[in-house]
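Asker: Here is what each chain is made of, one letter per residue.
There are 2 protein chains.
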Amino acid sequence: MIEKLNIVPFVSVDHMMKLVLTIGVERFLVELADEIEADFRRWEMFDKTPRVASHSREGVIELMPTSDGEVYGFKYVNGHPKNTREGRQTVTAFGVLADVGTGYPVLLTEMTILTALRTAATSALAAKFLAPKNARTMAIIGNGAQAEFQALAFKAMLGIDRLRLYDIDRAASAKCVRNLAGMGLDLAVCTSIEEAMEGAEIVTTVTADKQNATILTDNMVGSGIHINAVGGDCPGKTELHPDILRRSDIFVEYPPQTRIEGEIQQLLPDHPVTELWQVIAEKATGRRDARQITLFDSVGFAIEDFSALRYVKRQIARTGLYEELDLLADPDEPRDLFGMLLRAQAATPTAA
Amino acid sequence: MIEKLNIVPFVSVDHMMKLVLTIGVERFLVELADEIEADFRRWEMFDKTPRVASHSREGVIELMPTSDGEVYGFKYVNGHPKNTREGRQTVTAFGVLADVGTGYPVLLTEMTILTALRTAATSALAAKFLAPKNARTMAIIGNGAQAEFQALAFKAMLGIDRLRLYDIDRAASAKCVRNLAGMGLDLAVCTSIEEAMEGAEIVTTVTADKQNATILTDNMVGSGIHINAVGGDCPGKTELHPDILRRSDIFVEYPPQTRIEGEIQQLLPDHPVTELWQVIAEKATGRRDARQITLFDSVGFAIEDFSALRYVKRQIARTGLYEELDLLADPDEPRDLFGMLLRAQAATPTAA
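Protein sequence lines, in the order shown, are assigned to chains A and V. So in this note's numbering, the last one in the first sequence is 352, and the numbering has no gaps at all. So in this note's numbering, the last one in the second sequence is 1352, and the numbering has no gaps at all.
These are computed hints drawn from the structure, not numbers from a lab. Don't take every hint at face value.
With a straight-line cut-off of 25 angstroms between C-alpha atoms, the simulated DMTMM-like cross-links for lysine to aspartate or glutamate are [as the list claims (entries may be wrong)]:
no.: 1; chain 1: V; residue 1: K1048; chain 2: A; residue 2: E58
no.: 2; chain 1: V; residue 1: K1004; chain 2: A; residue 2: E323
no.: 3; chain 1: V; residue 1: K1082; chain 2: V; residue 2: D1047
no.: 4; chain 1: A; residue 1: K18; chain 2: V; residue 2: D1336
no.: 5; chain 1: A; residue 1: K82; chain 2: V; residue 2: D1099
no.: 6; chain 1: V; residue 1: K1128; chain 2: V; residue 2: D1014
no.: 7; chain 1: V; residue 1: K1004; chain 2: A; residue 2: D14
no.: 8; chain 1: A; residue 1: K82; chain 2: V; residue 2: E1058
no.: 9; chain 1: A; residue 1: K18; chain 2: V; residue 2: D1034
no.: 10; chain 1: V; residue 1: K1018; chain 2: A; residue 2: E324
no.: 11; chain 1: A; residue 1: K48; chain 2: V; residue 2: E1086
no.: 12; chain 1: A; residue 1: K82; chain 2: V; residue 2: D1047
no.: 13; chain 1: A; residue 1: K4; chain 2: V; residue 2: D1099
no.: 14; chain 1: V; residue 1: K1004; chain 2: A; residue 2: E324
no.: 15; chain 1: V; residue 1: K1082; chain 2: A; residue 2: D330
no.: 16; chain 1: V; residue 1: K1004; chain 2: A; residue 2: D330
no.: 17; chain 1: V; residue 1: K1082; chain 2: A; residue 2: D332
no.: 18; chain 1: V; residue 1: K1283; chain 2: A; residue 2: E324
no.: 19; chain 1: V; residue 1: K1082; chain 2: A; residue 2: D47
no.: 20; chain 1: A; residue 1: K4; chain 2: V; residue 2: E1086
no.: 21; chain 1: A; residue 1: K18; chain 2: V; residue 2: D1326
no.: 22; chain 1: A; residue 1: K4; chain 2: V; residue 2: E1323
no.: 23; chain 1: A; residue 1: K313; chain 2: V; residue 2: D1099
no.: 24; chain 1: V; residue 1: K1082; chain 2: A; residue 2: D14
no.: 25; chain 1: V; residue 1: K1082; chain 2: A; residue 2: D336
no.: 26; chain 1: A; residue 1: K4; chain 2: V; residue 2: D1332
no.: 27; chain 1: V; residue 1: K1313; chain 2: A; residue 2: D47
no.: 28; chain 1: A; residue 1: K82; chain 2: V; residue 2: D1014
no.: 29; chain 1: A; residue 1: K313; chain 2: V; residue 2: E1323
no.: 30; chain 1: V; residue 1: K1004; chain 2: A; residue 2: D47
no.: 31; chain 1: A; residue 1: K18; chain 2: V; residue 2: D1047
All values reported here derive from a predicted model rather than from experimental measurement.
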């Protein structure tokens, strides 16, 4: 969409919000899940690597690259649970698409909002293949920044219309109720996890503490349920008692990463898991029967971000919701980078 | 320098050129080399990892992260030798600094120009410890985008005032002569590599083809010379005949990366090399005598980019040469990312 070689389209937070609102949150989630599903079907075409993590006492900073041989994408993302106490986000992110043929970036975008959307879209996509048929009730344990996105993704893609909310901080549940009011969801705020689980066919766990927690214990999990485990996503950070894992059929994104970061870090390294892409590509079975416990051990994988970046790139070309960033040096003669500097000096004598 | 949590300072190509010209190219190179030297002295404090490379037929896209425990930095950089035939840069780059404590990015900057500067600054820094004392003459084999930066770094830091230029494309040498005219350098354009090497105490090889080339053969290299080998920097891309390597004392940035990417990929994996930081920190010997051939097998390492990013961050705070980028989602209540979207909708009813 752009001819000037120095320019990279940039999607600011403001433009991303406008884009999401222009498309509509639910339609955005559905279309994004379609994009992720299409990329998961061609999973074998992608370069895959566990993300490159830099851990510190307070959190983690990660780079998540992937490529399908024509397009390269990566995301920068942090995870700092203590940030909320200082008025900051636990997770912030931005991402880049580039052309493999030239190595030139072709998109830079905020990805804090986009990550929230792609995480929810991936959860609902997994549930489409794994959750009990005709499920209508979902418990959401942990009502922070990700909760509403999960709610709307499951509503739009699975027809979930009853939510049972629980958070150790009641204000978080109240925030969810406020934000989701009038969107066609029946909302119940619960005072315990047990209460939230009553009648739920799907349970989403999405808490944020960086520690091994036991949000769900074995006795809370009845047969036939689908567990969408989103919050356990880095070493030492899990949400489920290992006994639940042993009773479940476990589905993961990319095993080499999930065995380090997911709930299954609590299991032996050879514990059997099924790759979600294989279920989507009809190379493996998803839900087999009504009594089976299915578990999507979600940690987030680079291909989901790649799908999201490509979706956004198409949508900004259509809507014009971006600005032009002067990011790439573009001398008239490509070998004359220094000459470009000299000519800039000649053009602005006061800068010398 | 900035209070708004959503804002990341951004240095465009235009601002980077203004910054370099305001400071002056030579002073910028000297101060940048000082910054790199200071970081090399505290080398052991850094998280180090070989860069994360995505190779394709046409080139490579790399992410180069590092951290000193307080500040995290990474660079995105490509290398596509065929790009120049399409009017594009072989190498483009941008970089990010982030606060380890919060994970929040604190700087986004173009790094195409900055990489050219830091590569030259690192070369001259290495030569300060390795080249023969009082050297005045340098041959530069390969007169592309990096050549003038190397010339000025060696002039400013070592007092090199005679350059012998050679390129298979005579127009590239002519461009160098044009750009360096009037800067206090005695410039000779040579018609062969042998001619360029005459009287040179230092030779810089900085060609761009992605292949194993033999820019220098053994008979061209006399005793006492310092070789600054810059162009061999990815697997299958080298410039020197292996016999030269066997006669030289070899100095490298980070052995696990250089053994994959540098000239020494042609040698056995246990061939002895000295880490440059150890020479700088006085833990290893640099040049021992006047007859020794020293070789800096430069591939570029993440810590050099980290130093460059920190230097730029300080300089833009001083000069104001940056703009504010709305990159980070910053809801009033950190857990209320979805509510921020809703409030954006309320604020711009036409976007709904």
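Asker: Decide, hint by hint, whether the structure agrees.
Answerer: Here is what the structure says about each hint:
no. : hint              : result
1   : V/K1048 - A/E58   : 19 angstroms, holds
2   : V/K1004 - A/E323  : 20 angstroms, holds
3   : V/K1082 - V/D1047 : 33 angstroms, violated
4   : A/K18 - V/D1336   : 17 angstroms, holds
5   : A/K82 - V/D1099   : 14 angstroms, holds
6   : V/K1128 - V/D1014 : 31 angstroms, violated
7   : V/K1004 - A/D14   : 14 angstroms, holds
8   : A/K82 - V/E1058   : 43 angstroms, violated
9   : A/K18 - V/D1034   : 45 angstroms, violated
10  : V/K1018 - A/E324  : 19 angstroms, holds
11  : A/K48 - V/E1086   : 30 angstroms, violated
12  : A/K82 - V/D1047   : 23 angstroms, holds
13  : A/K4 - V/D1099    : 33 angstroms, violated
14  : V/K1004 - A/E324  : 22 angstroms, holds
15  : V/K1082 - A/D330  : 15 angstroms, holds
16  : V/K1004 - A/D330  : 31 angstroms, violated
17  : V/K1082 - A/D332  : 16 angstroms, holds
18  : V/K1283 - A/E324  : 48 angstroms, violated
19  : V/K1082 - A/D47   : 23 angstroms, holds
20  : A/K4 - V/E1086    : 13 angstroms, holds
21  : A/K18 - V/D1326   : 13 angstroms, holds
22  : A/K4 - V/E1323    : 20 angstroms, holds
23  : A/K313 - V/D1099  : 28 angstroms, violated
24  : V/K1082 - A/D14   : 37 angstroms, violated
25  : V/K1082 - A/D336  : 15 angstroms, holds
26  : A/K4 - V/D1332    : 37 angstroms, violated
27  : V/K1313 - A/D47   : 34 angstroms, violated
28  : A/K82 - V/D1014   : 37 angstroms, violated
29  : A/K313 - V/E1323  : 23 angstroms, holds
30  : V/K1004 - A/D47   : 37 angstroms, violated
31  : A/K18 - V/D1047   : 39 angstroms, violated
Hints 3, 6, 8, 9, 11, 13, 16, 18, 23, 24, 26, 27, 28, 30, 31 from the earlier list are contradicted by this structure; the remaining hints agree with it.
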